[in-house]
Amino acid sequence: MSQAQQAMPAERRIAALLLASTVAALALAGVYIAGGQPQAEGALLGVALTGIGVALILWARGLSTEGTVVGDRGVLDDVEDEAAIEARFDDAVDEPGRRSVLKLFWAAGGALGLAAVFPIRSLGPAPGRALLQTAWKPGSRMVDVTGRAVRVDTLQVGGTLTVFPQGAVNAGDSSVVLIRVEADQLKLRPGRETWAPQGYIAYSKICPHVGCPVGLYQADVHELLCPCHQSTFDVLDGARPSFGPATRSLPQLPLAVDAQGFLTAQHDFTEPVGPGFWNRR
Amino acid sequence: MSARGAPVTRRLFQWVDERLGASHFTRKALDKIFPDHWSFMIGEIAMYCFVILVVTGVYLTFFFVPSSDQVTYHGAYKALDGATMSAAYRSALDISFKVRAGLVMRQMHHWAALVFLAALIVHVCRVFFTGAFRRPREVNWIVGVTLLVLAIMNGFFGYSLLDDLLSGTGVRVGYSIALSIPVAGEWLAFLFFGGEFPNTEFITRFFVLHVLLLPAAIAGLLGVHLAILWRQKHTQFRGPGRTEQNIEGSHLWPSYAAKSVGLFFIVSGVLAALGGLAQINAIWIYGPYDPTQAAAATAGSQPDWYVGWLDGALRVMPGWEVRVFHHTIANPFFPGAVLPGLTFGILYLWPFLERRFTKDRDPHNLLDRPRDAPVRTGLGAATLSFYAILFLAGGNDVLSSVFRVAPESITNLFRVLIFAVPLAVFFVTRNACRELARDKVHPFGGSLGSRVVRTPSGGYELVEDPTTVVGAIRSDLAYTDDPTDYRPPPST
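If you read the sequences in order, they're chains A and B. Sequence positions in the first sequence follow my numbering and run 1 to 281. Sequence positions in the second sequence follow my numbering and run 282 to 773.
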C-alpha cells in the first residue's frame, strides 16, 4: 500500500521528465530548421538528453525491489589448465630436431622487423644542416612582412619591426626582430662592433628556449620578453637572457647599410637559431 | 514483462539463441553484480565522454580539412575577411560559423575532451587511493595508465589541428621538446613533424593520429580494460558481510544497466549544454597561426588544462642546460621529456614499487580507505599538490597581471613552492590519516557519540548517543589499532 503511494509521484516525475525531453528534442529540430542558433541548440539538446537520463535513474530506483545482492567471486586461476597449456605449448616447440629450425624463425622474424623500420625514414628529411643555417645571405636586404625593404630611416629610436630576408618572407627560421636604440647605449660584444650601424640591432625572433616568437619589446628597459615562458633578454647587452628558462642569448644578425640606404645582412647568423639540440655546440 | 509482449520477445530470444547460442552467457551477464558505491561511476563518466568524443568527432570530420595549404578567407566571420590562413583553420572557422549545428558539435567535442581527461584523472586517483591497483589488478592498472597517456596525447593533437595562433605555438613547443632529446632528438623531430618547423606536413599527420590511430588504440584498450574488469569483478569497500571472496551490489539487469545508461544520458546532456552555452576555444579570436612569427603570440597563452602542468614545468625550470663534448642537452629536455617520463614511469610501476616496500603480495578485492594506508595516501596527495603547483605555474603570466606582481617574482615563488608544498602536504596528510584511523572519526563527521538536545524548558544539554558517531560502523571493522601499521588487512 505504502509502496504504491510512493510509486505514483515517482512515475509522475518520470513522465514529466520524458515529456520535457520530448518537447525539447522537437524544439531542437525546429531550431535547426529555422536556421540554427548555438545556445538554443545546446540548451535544448541538454534538456532532451538529461531528461531521459534522470528519468532512467528514477525508473531504476523504483524497480530495485531485490535490493542488494551478494555473489561469489570465484577463483581466477586453474592450476590444472595451466599445466595442460604448458604441456601443449612445449609439445609444439620442443619436438626433437626442430629446435634449430626454431631459431631460424626468430632470425627471419627479426630481419623482417628490421626491414619494416626503413619506410619510417621516408617520413622526413635528414636534419643535415637545416638547423644550422637560415635564409640570410651576405647582402640580403631586410623586408617587413609585406615585402617592403627597410631603409636606414624606417625606424625611430625605440622602434621595433619584424623583418625577413628579401625573397624569403616565409622562411620560418629567418624571422628577425629589428630594434633601433641610441647607438652609444649598446654594449656590443668583441668582434661585433660593426654589426649595429646607427643604433639598429637585429636578433633572431625565435626564442632559444622552445621557439616562441620573442615579440614583446619593452622600450623603457630595453628588454625583449618571450610571451610563452617569460624568458627575458637584455637588448643592449647582446640579448643576454636575464630571466626565465632560456639559457642562451638571442643570436645577433650582423647588419650593414648599403649604398642606397637599405639595411642588409653582412652574412648569416654565426650560430644556430632557435631551441637547442644535441648536435648544437 | 507484459502478457502481450512476451511471445514476441520470447520468439526473438529463441531465434537468436538457436543461431548464436548466446543465452548461457547473457543469463550470467544479466546477473553480474556491480557495487553501488558512487566512486565507481567516475570511470564510467570517462567512458561516456569518450563515446561523445567519437560521435561529435565523426561529425566534425565531415567538415574539417586537414591541410596547411594557404588560402585567403572570405567567410562569415567578417573580422578575418581577407586574412591568409591554412585550409585547416578556415574549415574550423566554417564549422563554427557556417555549418549549422557545427559550433555546438565542436564545442561539445572540446568540452567532452576536457571532462574526459578530468574524469580519467579522478578515476586514477580513486583507484590509487583505495589500493584497487593491487594484485590481481596490476595489468588493468597498466592498461588504465596507457589510456591516460593516449588521451592526453590525443587531446594535444586534437587542439593542434585547428592551426590557430595558440595551437600553432603549442605545436612549436612540442617540436622543440622533441628536438631537445639527446642523440636522437633531431631525427625524431624531423621524422615526426616532417622536417624543420614550421612546415606543411604536421597537420595531415596529426589528423591521422587524432582521428584514426589514437582513437582506435583508446577504443581497443578500453575494451581490454572492461574485459579484464569483467573477468576479475569489481573491488568493494569493507562493510558488514563483505569479504575477499564475495561481491555485494546490484545485478546488471535491470537496476545497474538503467542507472548506467541514465548516467550516459546525463553526461551527454551536460556536455551538450556546455557545448551550447559555455564558449570554449574561441579560435576566431586568436587568429590563424603565422609560421613567419611576425604576429606574436601574446601573454596569457595557455594550453588545455591537462597539459598545463607541462607548460608550468617549462616556465619554472631555471635557465640551465648541459654542454658536454661539443654536444648540448637543451633545457626543455628536463621539464618537457624527463618529467613526463618520470611521471608516467612511476605511475606504471607503482603497483610493483608498493609491493616492494610493503612486502604485500596477497590478492586484494577489499579496498583500503585512504586513511588505511597513510604513507600511500600521503605520497599520492603530495604528488597531486606537485602537479597542482606546476599547473598554477603554467599561468604565471595570468597570476602576474591579476595580482600585479612581476612575473619574475611569481616564478621564483613557484620555484620554492614546488618543493615546499608537496613536502608539507605529505606530512600533514600522512599524520591526518593516522589520526583518523586512531580516533575512528569520519573526516567530515567529527561527532563523538553525543548530541545537543533542546530541553522543554528552552535550555540545551548534551546527551550520549552512540548512533551519531559518524563512520563508527566502518571503524569497527578496522583491522588494526596501530595507525602506523601499513600492513594490509588480513582477508577475513
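The hints are simulated quantities; they were obtained by calculation from the structure and are not laboratory data. All values derive from a computational prediction rather than experimental measurement. Possibly wrong hints are sitting among the right ones.
Among the chain B residues that face chain A by a calculated CB cut under 10 Å, a handful are [claimed, not checked]:
{"id": "1", "residue": "530"}
{"id": "2", "residue": "664"}
{"id": "3", "residue": "665"}
Residues from chain A that keep clear of chain B, each with C-beta distances beyond 12 Å, as calculated [said to hold, decoys possible]:
{"id": "4", "residue": "11"}
{"id": "5", "residue": "70"}
{"id": "6", "residue": "80"}
{"id": "7", "residue": "95"}
Note that CB positions come from ideal geometry on N, CA and C, so glycine has one too.
Verification of the hints:
no.: 1; hint: 530; in the structure: holds (7 Å)
no.: 2; hint: 664; in the structure: violated (23 Å)
no.: 3; hint: 665; in the structure: violated (24 Å)
no.: 4; hint: 11; in the structure: holds (14 Å)
no.: 5; hint: 70; in the structure: violated (5 Å)
no.: 6; hint: 80; in the structure: holds (18 Å)
no.: 7; hint: 95; in the structure: holds (32 Å)
This entry does not satisfy hints 2, 3 and 5, going by the numbered hints stated previously.
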